[in-house]
Amino acid sequence: MKHPHMENEIHVDEKWFFVCRDGESHMLVSDEIPPERVVKHKSHITKVMFLCAQARPRKLTNNTWWDGKIGIWPIGCYRRAERGSVNRPRGTLLFEPETINMDKCRSIR
Amino acid sequence: MMIGDVLPVILNEFPHSEHNRFAEIITQQDGAPTHINPGDHEWMETLTEMGLDEKIRLITQPANSPDLNINDLGFFNALQSMCYCTTPSNELELIEMVEQNYKDYPCNKINQIWVTTQTAFNNVLDNFGGNKYKMTHMGKEKLEKQGRLPRVIEVNPFASYFLEGFRED
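Going line by line, the protein sequences match chains W and B.
Using numbering that gives the first Met the number 0, read the first sequence as starting at 0 and increasing by one per residue.
Using numbering that gives the first Met the number 0, read the second sequence as starting at 0 and increasing by one per residue.
Bear in mind the hints are in silico, worked out from the structure with no lab data behind them.
We put the beta carbon where it would ideally sit given N, CA and C, even for glycine.
Check the hints yourself; a few may be wrong.
No farther apart than 30 Å at their CA atoms in a straight line, the calculated lysine-lysine pairs in the DSS-like style are these [stated by the list, open to error]:
no. : chain 1 : residue 1 : chain 2 : residue 2
1   : W       : 58        : B       : 108
2   : W       : 103       : W       : 41
3   : W       : 58        : B       : 141
4   : B       : 141       : B       : 131
5   : B       : 141       : W       : 103
6   : W       : 14        : W       : 46
7   : B       : 131       : W       : 58
Here are a few chain W residues that sit away from chain B, every Cβ distance over 10 Å (derived from the structure) [claimed, not checked]:
no. : residue
8   : 10
9   : 14
10  : 24
11  : 27
12  : 37
13  : 56
14  : 57
15  : 68
16  : 84
17  : 89
18  : 105
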């Protein structure tokens, strides 16, 4: 008795992706410039939630492999910076990460 | 997300030759309260409008079993550690990195995660439905090199004895 081949299944899930970890260490050669950490505090690490859908990779009838990748979507909205600063001019494209709720999960964009 | 993004992309990305091979395509998600119910009104309405209500079905995976979703089982951790190797500085760069890593992720590794899901099935069956088990190692990398990686694996003999009993009933 065998398990099902699971080729008609698509798995969907969300995950937060982080820019860096807390307490990372690096080994450097003597004249190497250490990498700069972009976040100011470990409790404010930049993160974005993604929704990902995956199917099983398989060989198609025309002998090519399909990798089973359906897609990965960031959750949040793009907007333009309203004011400028020393770091970025006005109107720079920004992304605002959001959490997910049922309406957003269902929504039609 | 589900109606606006995922559904049209499933129809688009899922190979057309594969559409008719199966009676239905099962979309599996975890039981998070933010997820839509399998019988969600708007979701079902959209499917009926497209004439796909028999074709695409939404199901919720067993509770407290992240190992039964390939994303949680191995795929997300792999993507996240690939992202740690790069140094994005803001949200836009992070999105770019994640999408790039997603695109570059090798096909055979994804297939290996799917095989691992089946060993997770075996472990769950051995554990009488529990989730306190240690993952069985099967040396997939080595098997793949020898070209012996199975597409589907055997159900544990002990569990299959019971399952066959159910079938007869």
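For each hint, the structure was consulted:
1. The hinted pair formed by residue 58 of chain W and residue 108 of chain B meets the criterion: a straight-line CA distance of about 15 Å does not exceed 30 Å.
2. For the hint linking residue 103 of chain W to residue 41 of chain W, the alpha-carbon distance of about 28 Å falls within 30 Å, and the restraint holds.
3. With a C-alpha separation of about 21 Å, the suggested pair residue 58 of chain W and residue 141 of chain B falls inside the 30 Å cut-off, and the hint holds.
4. Between residue 141 of chain B and residue 131 of chain B, the direct Cα distance comes to roughly 27 Å. Compliance with the 30 Å bound is thereby established for this hinted pair.
5. For a cut-off of 30 Å, the pair hint linking residue 141 of chain B to residue 103 of chain W is broken: about 43 Å separates their Cα positions.
6. Straight-line distance between C-alpha atoms of residue 14 of chain W and residue 46 of chain W comes to about 10 Å, which keeps the hinted pair within the 30 Å bound.
7. The hinted pair formed by residue 131 of chain B and residue 58 of chain W fails the criterion: a straight-line CA distance of about 35 Å is larger than 30 Å.
8. Not every CB of chain B lies more than 10 Å from the CB of residue 10 of chain W, the least distance being 5 Å, so the non-interface label is violated.
9. The claim that residue 14 of chain W lies off the interface is violated: its Cβ sits roughly 5 Å from the closest Cβ of chain B, which falls inside the 10 Å cut-off.
10. With a cut of 10 Å on Cβ distances, residue 24 of chain W stays outside the contact zone with chain B, its closest approach being about 12 Å.
11. Every CB of chain B is more than 10 Å from the CB of residue 27 of chain W (nearest about 14 Å), matching its label as outside the interface.
12. Annotated as non-interface, residue 37 of chain W brings its C-beta within 10 Å of a C-beta of chain B; the closest such distance is 4 Å.
13. The Cβ of residue 56 of chain W sits about 5 Å from the closest Cβ of chain B, inside the 10 Å cut-off, so the non-interface label is violated.
14. With a least CB separation of 8 Å from chain B, residue 57 of chain W falls inside the 10 Å interface cut-off, contrary to its annotation.
15. For residue 68 of chain W, the non-interface assignment is contradicted: its Cβ lies about 7 Å from the closest Cβ of chain B, within the 10 Å cut-off.
16. Annotated as non-interface, residue 84 of chain W keeps its C-beta farther than 10 Å from every C-beta of chain B; the closest such distance is 13 Å.
17. With a minimum CB-CB distance of about 17 Å to chain B, residue 89 of chain W clears the 10 Å threshold, and the non-interface call stands.
18. Not every C-beta of chain B lies more than 10 Å from that of residue 105 of chain W, the closest at about 5 Å, which undercuts listing it as non-interface.
When held up to the earlier numbered hints, the structure conflicts with 5, 7, 8, 9, 12, 13, 14, 15, 18 and fits the remainder.
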